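Novice: So the protein sequences, as listed, match chains A and B.
When we follow the numbering used here, the leftmost residue of the first sequence carries the number 1, and every step to the right adds one.
When we follow the numbering used here, the leftmost residue of the second sequence carries the number 1, and every step to the right adds one.
Treat the hints loosely; a few may be bogus.
To be clear about the criterion: a stretch of chain B counts as covered by chain A if any three or more of its residues have a C-beta under 8 Å from a C-beta of chain A, and this derived list gives those stretches [what the hints assert, rightly or not]:
no., segment
1, 42–56
2, 252–264
3, 288–295
For lysine to any residue, the following SDA-like pairs were computed, each having C-alpha atoms within a straight-line distance of at most 20 Å [what the hints assert, rightly or not]:
no., chain 1, residue 1, chain 2, residue 2
4, A, Lys17, A, Asp120
5, B, Lys370, A, Asp120
6, B, Lys331, B, Ala180
7, A, Lys151, B, Arg111
8, B, Lys107, B, Gly85
9, B, Lys370, A, Trp341
10, B, Lys370, A, Ala109
11, B, Lys370, A, Val256
12, B, Lys370, A, Asn245
13, B, Lys370, A, Thr332
14, B, Lys370, A, Lys151
15, B, Lys107, A, Leu342
16, A, Lys151, B, Lys331
17, B, Lys370, A, Lys17
18, B, Lys15, A, Leu342
Read the hints as simulated data drawn from the structure, not as lab findings.
Since this is a predicted model, take the numbers as computed values, not measurements.
We put the beta carbon where it would ideally sit given N, CA and C, even for glycine.
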Amino acid sequence: MPAPKNRSSLGRALDLKQGRIDLAHGSGGRAMAQLIEELFARHLDNPFLAQGDDGAVLPGADGRLVMATDSHVISPLFFPGGDIGSLSVHGTLNDLAVMGARPLWLSAAFILEEGFPLADLARIVESMGEASRAAGVPIVTGDTKVVERGKGDGVFITTTGVGSLPPGRDVSGRHARPGDVVLISGTLGDHGMAIMAARENLGFETPIVSDSAALHGLTEALFASGARVHTLRDPTRGGLATTLNEIARQSGVGIVLDEAALPINPAVAAACEFLGLDPLYVANEGKLLAIVAADDADAALAALRAHPLGARAARIGTVQADTHRFVQMTTTLGGRRIVDWLNGDPLPRIC
Amino acid sequence: MKYIDEFRDGALARKLGAHIARAADPGRRYHFMEFCGGHTHAISRYGVADLLPANVRMIHGPGCPVCVLPIGRVDQAIRLALDHGVMLCTYGDCLRVPASDGLSLLKARARGADVRMVYSSADAVALARQHPDRQVVFFAIGFETTTPPTAVAIREAAALGLGNFSVLCCHVLTPPAMTAILEAPASAGGVPLDGFVGPAHVSTIIGSAPYAFCAERYGKPVVIAGFEPLDVMQAILMLIRQTNEGRAEVENEFVRAVSHEGNRKAQALVAEVFTRRPDFEWRGLGTIPDSALSLAPAYRAFDAEARFPVAYRSVADHKACECGAILRGVKRPQECRIFGTACTPENPVGSCMVSSEGACAAHYTYGRYKDA
């Protein structure tokens, strides 16, 4: 998003209290230039964005690069623990992090709906700026389009990220081996239940807060421990269960979980119980799933727990040889069951 | 979670499992049916079957609200939404039930139908108040547990004079379905049932008294149990003891929530708002007399079947689908030819594959490693 240099030509400042997005904000004219300068450039400021051209010129990086992209559509746009802005930064950073990469740069593209309040957009962009600064990864280029009222849902944000992959790192969903240990960096299901509670006005007495967070600091801590890391994932949509099934299929192995070891916040467990949902299928936005060599599991767990985002990290299962590629779980009761793929959207049960 | 984790305790479960193993006579086999989908779900999700001796077999009964909903009823709901343009509100797990022409309420929504998922019948009334220009229909399904909230919604709509709210009433009754199962064996080849794990939530409403006929007329013990895994195990132990002693009684394991007479206030509400249908088609069990409810004459104005021309048309199940035999306990899910092949939770052919309370979905989702 090139930021025009000559501010005086743009006339009266944007009304960030009462104003709304109109079609002119996407038409490429003066209104769009003003939106970029007074809102996007202000909150996302960095030397690359300030180049103000159609693209950002970036310094060359040595070695292998990793690139990832993620579109964000979420209702409600603001929720306990975050908003679509911070989420769109964390989402792409985490895709890079679980590839073993160190994130370098982000881009952001906005699709705005006519009539969307400028005050809300300002909150969102400010939150993106904060998330990007906290992560140390600048948003170097971007785009804005406006669609007619009724043809969008307020705001959609697509972010793309580029990171560098240090030599020697080779993590993949294909690398889980029988005997490996499955670790999770913290509690399950916080993001999904926070969204559901906010969306449906369920009004639980204990507010549930999204875990939305950037994970590359945590993955660096894990690599620094020297543990042989085979697979990393951030279990977002579909939850831990779906992520483990993907890994089991990719690696051609089975996985056995220990239900008693799964960290779950009491408020999330209670909300899931109430709605007939299983926290294993509920989305996370700030949790790291790591599959590591058995001999290194203790070191890896200690490294995760030493990081603020991994305080409640736990060893939750093991990888085993299984031609059926089943994910199974030893239940708290002492029985065994399959932990299957998520089927469609999780829907509350009746009885 | 305090007050719940205690009912899922592994150490207690092992002790109870040992009691059951000691009580079960190795010289005979035990066949108990858990009527409710809630019990089926608990048994599968917690792996209760792994803690039972091999000669104690649990048969999954028909008490899953969406499983017993015949195709024709879902068709009615879809016609209301697609052909009559109503805002159709219903509970979450109704949305995926397969209907005619490859449709479901979820697929109808993709074709432009206005289908809303609600968490309670009160949400449907609220939608009707918010949209006075729209006809809002609540697709009411479920056993005795979900019936009182529907009664409350209808009474509220009547009190508010809401002319744009109506109910497609498909509420069904538990005792007539149990009768149908007990009567079926002679004609259907015989399911040797030794007793029932009786409903949990349903019994909080109707009490334990309505199951007396099982014991008295059919000589089958009933033990009402809560939906937690230790509840189910305790009920199985009580059923084994009754069977061993040749007793047939209605016993109540779920005393913390179920009384002999049930919830009188809820019963009075239901009696005021609903009347029994002369007969009703159930998926898998066929047409059962006096087994379902429609709106009482005083509330007829809120009956969607009276307001819109959507007469019920019976639709036959898929030929290869064994839901009928599975719901009667005659077959197990893995004995159906299309189980796990043509019929999966992603593309359910039969209703038992739709809800995780359904026998097929529960076995597919939680238990199929045993078939591998």
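Novice: Next, verify each hint and record whether it holds.
Specialist: Status of the hints after comparison with the structure:
As drawn, the segment 42–56 of chain B meets chain A at 8 residues by the rule of a beta-carbon pair under 8 Å; at three or more, the given contact holds. Judged by the Cβ-Cβ criterion of 8 Å, the segment 252–264 of chain B is not covered by chain A as claimed, because only 0 of its residues qualify and three are needed. Note: the segment 288–295 of chain B has 0 residues with beta-carbon separation from chain A under 8 Å; the three-residue rule is not met and the coverage is violated. Restraint check: the Cα-Cα separation between lysine 17 of chain A and aspartate 120 of chain A comes to about 9 Å, which is no more than 20 Å; the hinted pair holds.
Between lysine 370 of chain B and aspartate 120 of chain A the CA atoms are separated by roughly 53 Å; this puts the pair beyond 20 Å, and the hint is violated. Distance hint between lysine 331 of chain B and alanine 180 of chain B is fulfilled; the C-alpha atoms sit about 16 Å from each other, no more than 20 Å. The hinted pair formed by lysine 151 of chain A and arginine 111 of chain B meets the criterion: a straight-line CA distance of about 17 Å does not exceed 20 Å. Between the alpha carbons of lysine 107 of chain B and glycine 85 of chain B the distance comes to roughly 15 Å, so the proposed pair stays at or under 20 Å and holds.
At most 20 Å may separate the alpha-carbon atoms for a hinted pair to count; lysine 370 of chain B and tryptophan 341 of chain A meet this at roughly 17 Å. A hinted pair counts as satisfied when its Cα atoms are at most 20 Å apart, and lysine 370 of chain B with alanine 109 of chain A does not qualify at roughly 49 Å. Our distance criterion of 20 Å between C-alpha atoms is met by lysine 370 of chain B and valine 256 of chain A, whose separation comes to about 15 Å. Our distance criterion of 20 Å between C-alpha atoms is met by lysine 370 of chain B and asparagine 245 of chain A, whose separation comes to about 18 Å.
Distance hint between lysine 370 of chain B and threonine 332 of chain A is fulfilled; the C-alpha atoms sit about 19 Å from each other, no more than 20 Å. Between lysine 370 of chain B and lysine 151 of chain A the CA atoms are separated by roughly 49 Å; this puts the pair beyond 20 Å, and the hint is violated. Proximity of lysine 107 of chain B to leucine 342 of chain A is assessed by CA-CA distance (about 18 Å); at most 20 Å being required, the pair is judged to hold. Between lysine 151 of chain A and lysine 331 of chain B the alpha-carbon distance is near 50 Å, which puts this suggested pair outside the 20 Å criterion.
This hinted pair does not check out: lysine 370 of chain B and lysine 17 of chain A have alpha carbons roughly 62 Å apart, beyond 20 Å. With a C-alpha separation of about 33 Å, the suggested pairing of lysine 15 of chain B with leucine 342 of chain A is violated against the 20 Å cut-off.
Checked against the numbered hints above, the structure breaks hints 2, 3, 5, 10, 14, 16, 17 and 18 and satisfies the rest.
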